[in-house]
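Chains as they are written, first to last, in this note's numbering: chain A, -15 to 549; chain B, 3 to 160.
Everything labelled a hint here was simulated from the structure, so no lab data went into it.
For every residue, glycine included, the Cβ atom is placed at its ideal position computed from N, Cα and C.
One or more hints might be untrue.
Unchecked claim - If you want a taste of the chain B side facing chain A, the calculated C-beta under 10 Å gives, among others: (1) A20; (2) G32; (3) N36; (4) T38; (5) L40; (6) Q66; (7) T68; (8) K69; (9) Q70; (10) I75; (11) P76; (12) V77; (13) L78; (14) K89; (15) R144; (16) K148.
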Amino acid sequence: MQISGAQMVIEALIAEGVETVFGYPGGAIMNVYDEIYKQDKFHHILTRHEQAAVHAAEGYSKASGKVGVAMITSGPGFTNAVTGLADAYMDSIPLVVISGQVPMSLIGTDAFQEIDAVGISRSCTKHNYLVTDAKDLPRILKEAFYIASSGRPGPVHVDIPKDVTAQIEEFNYDIELELETYKPTTKGNPRQIKKAMEAIAAAKRPLFYLGGGIINSNAAYDVRDLIHKTQIPAVETFMARGTLSHDDKYLIGMLGMHGSYASNMAMSETDLVIALGARFDDRVTGKLSEFAKNAAIIHVDIDPASISKLVNADYPIVGDVKSVVNEMLTLADCVDGSRYESWRETIENFDALHPLTFHEDSERIKPQWVVKRVGELLGDDANISTDVGQHQMWAAQFYPFTRPRQFVSSGGLGTMGFGFPAAMGVKAAAPEKVSINFTGDGSILMNVQELMTAVEKKLPVINIILNNNFLGMVRQWQTLFYDKRHSETDLSMQPDFVKLAEAFGGIGYRVSTKEDFDAALKDAVEKNVVAFIDVVVERFENVLPMVPAGGSLFNMMLLEKKEDK
Amino acid sequence: MTTDNARRVISVIVVNEASVLSRITDLFSGRGYNITSLTVAPIPDTKYSRLTIATLGSVKVMEQITKQLHKLIPVLRVYEHEDMVEKEMALVKFDITENLSDINTICEAYNGKIVNAGESSVIVMVADEPKRIDNFLNSMKRYNPKEIVRSGAVALER
Ligand SMILES: Cc1ncc(C[n+]2csc(CCOP(=O)(O)OP(=O)(O)O)c2C)c(N)n1
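All chains, full assembly: derive it from the sequences and hints.
What follows is the structure, encoded as structure tokens:
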């Protein structure tokens, strides 16, 4: 079949089973948009900013487990999208991002809207391509989807000059990929796995350290089986929230900088860490030399470069978590779970000593209460996205997650402005669930223009603004480590969030009592509309407990007991 | 363990494709690693090229570099050389009035010779181990070299 490069893009997306594309057109990508107009196999969601298009594709991918697709034009369109690429790269989210480029004849001439896109995206993508001949397009697009979704997933960027999208060539997508240099190891070494299981059976205080790789590899339910079978307690990273249900008796909680006391103490006291799809991020480990100091380490990861990068693994296992965990399950009979009884008790005592909680306030709403309340009212019926800051940590700490892919947040890059567009992507992927975005008064303004997209495309995201009139997380560090010098974090000057929502055709609520909050949330869910719920919360609340950056996990700043206050 | 920050030489086999070289050098610069020298050429009768990279780093750093290089899609193989034959080349230009027979004799000791003689200058070439090239260039100082150019190393495992 002889078709244009632009048509090839469409045919490839259809062949890959893509249902939703997020994007923003411009001169260099117009040939492709012209073909989008002519087809009806997938729909296109026009965001109001390219960064949001990529974040929406990330949210879509996270919620659905599929490859997210975003399309943008050259120059400023592309540079706007870079933050999204970097975000997806840091969190290993499979994306294919297609950008237009100036015609081949103009490349390198500083032409209008020319930028060296592949040069820029090289350091924040898993792989990228500049397509110089439409003959290569079928292969490149096929490779792009394969590379994005296999091995350690990540974003792949395909930059296509305008004349290449106009070029007519033979199209055949039924091709075998010959990527002889790219062959991710998915099956773990059986001998290593056996040794690891023996180590587990012999350990006295083993601990599962669950990372985001579990969610990426759809292994959460297999991991649940392994944990229940071995009766070994588990801590989750921020990225792994929802791997275990919040009420699972083996779940201790989240670990790391804002993890629970019990989780961090368990990590400090364990004699065997079983790390699954986790990468020992510094926000998790604290001071490396003190991290799980007395423990041997089993590390399962699809990415060989993650293993022993920061902490030396005694049992390195390169492979897909799902496949390795299933292999472990077949050997799990050698583990006698009753042996860990007293270890589990020790952990329960840690938790009783300093449970994860907060102090209620009779006058003002506490932000933690809002998160808990949404959990009580919506629970499993909601998918949760967040922006970045204190509200993000409270969401991770206090929301009762019941399943993987329920929680979508920017972990590795920590991108303010991520939440709202990501929540739109989540809604597009899972329309049957309520899509909640917990956000801050700082973060929400970073992609507020997406109100228009959400209203137009009927993506009823409910944005709950935990409004503390501060760049709260930075303010917290200033309070704790900069002697309360709140330099440029005061956000007393604010838009009227209610009117702002209304101006775009959504609904706004401003609430400062618990009753009003309940009523607003109920109303927004019932009306099924794009909403801002602007919640006036205590201004100076801190996220606790906390491990100061670079400190040891067992040395936490804790919530003061109420009677000490 | 060998000493920290020792000189190390790795070979990287890559698919010949656009921008593969910048992918590799970006990986070094993006992580703050230094490349001391870099040599690239296609491997005859294949679609691959071979890069020889000399760098400084500890065993741990080298392990990371190797793994990270391996993650790049067009990279086929990465290996660090332990027992290798390693050569580098240097070209040096002298004024024709220098003591050319002395120069030639020394060059011969370093696998080299005069490769070009013009009206006012001569060019010599030597090919030897990098350390020996250092020595050679040192001993040439007294003949007032006008220009020196030095290649990166190439290496083969014994
Ligand atoms: C794009 C971007 N710029 C700056 C930061 C640094 N930063 C991290 S948290 C934070 C404050 C966020 O404030 P807000 O959205 O109001 O949330 P809060 O912490 O008050 O809940 C800032 C500025 C960032 N993470 N992302």
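Do the hints match the structure? See the list:
1. Using the Cβ-Cβ criterion of 10 Å, the hint placing B/A20 at the interface with chain A is satisfied: the shortest such distance is roughly 7 Å.
2. The interface hint given for B/G32 holds, since its Cβ lies 5 Å from the closest Cβ of chain A, which is under the 10 Å cut-off.
3. For B/N36, the interface hint is violated, since its Cβ never comes within 10 Å of a Cβ in chain A; the closest pair sits about 17 Å apart.
4. For the restraint placing B/T38 at the interface with chain A, the shortest Cβ-Cβ distance is roughly 22 Å, beyond the 10 Å limit, so the hint is violated.
5. Given the 10 Å rule on beta carbons, the hint for B/L40 is violated: about 17 Å separates it from the nearest Cβ of chain A.
6. This hint holds: B/Q66 has a C-beta 6 Å from the nearest C-beta of chain A, less than the 10 Å allowed.
7. Contact between B/T68 and chain A, as hinted, is supported at the beta carbon level, the nearest pair being about 9 Å apart and thus within 10 Å.
8. Taken as an interface hint, B/K69 checks out: its beta carbon lies about 4 Å from the nearest beta carbon of chain A, inside 10 Å.
9. At its closest, the beta carbon of B/Q70 sits 5 Å from a beta carbon of chain A; the interface hint therefore holds under the 10 Å criterion.
10. Given the 10 Å rule on beta carbons, the hint for B/I75 holds: about 5 Å separates it from the nearest Cβ of chain A.
11. At about 6 Å, the closest approach between the beta carbon of B/P76 and any beta carbon in chain A falls short of 10 Å, and the interface hint on this residue holds.
12. Because the closest C-beta pair between B/V77 and chain A is about 6 Å apart, less than 10 Å, the hint holds.
13. Here the hint on B/L78 is kept, as its CB sits about 5 Å from the closest CB of chain A, short of 10 Å.
14. Residue-level restraint check for B/K89 is violated (minimum Cβ-Cβ distance to chain A is 27 Å; threshold 10 Å).
15. Here the hint on B/R144 is broken, as its CB sits about 46 Å from the closest CB of chain A, past 10 Å.
16. Proximity of B/K148 to chain A is violated relative to the hint, the smallest CB-CB distance being about 35 Å (cut-off 10 Å).
Violated hints, listed in ascending order, are 3, 4, 5, 14, 15, 16; each of the other numbered hints is respected by the structure.
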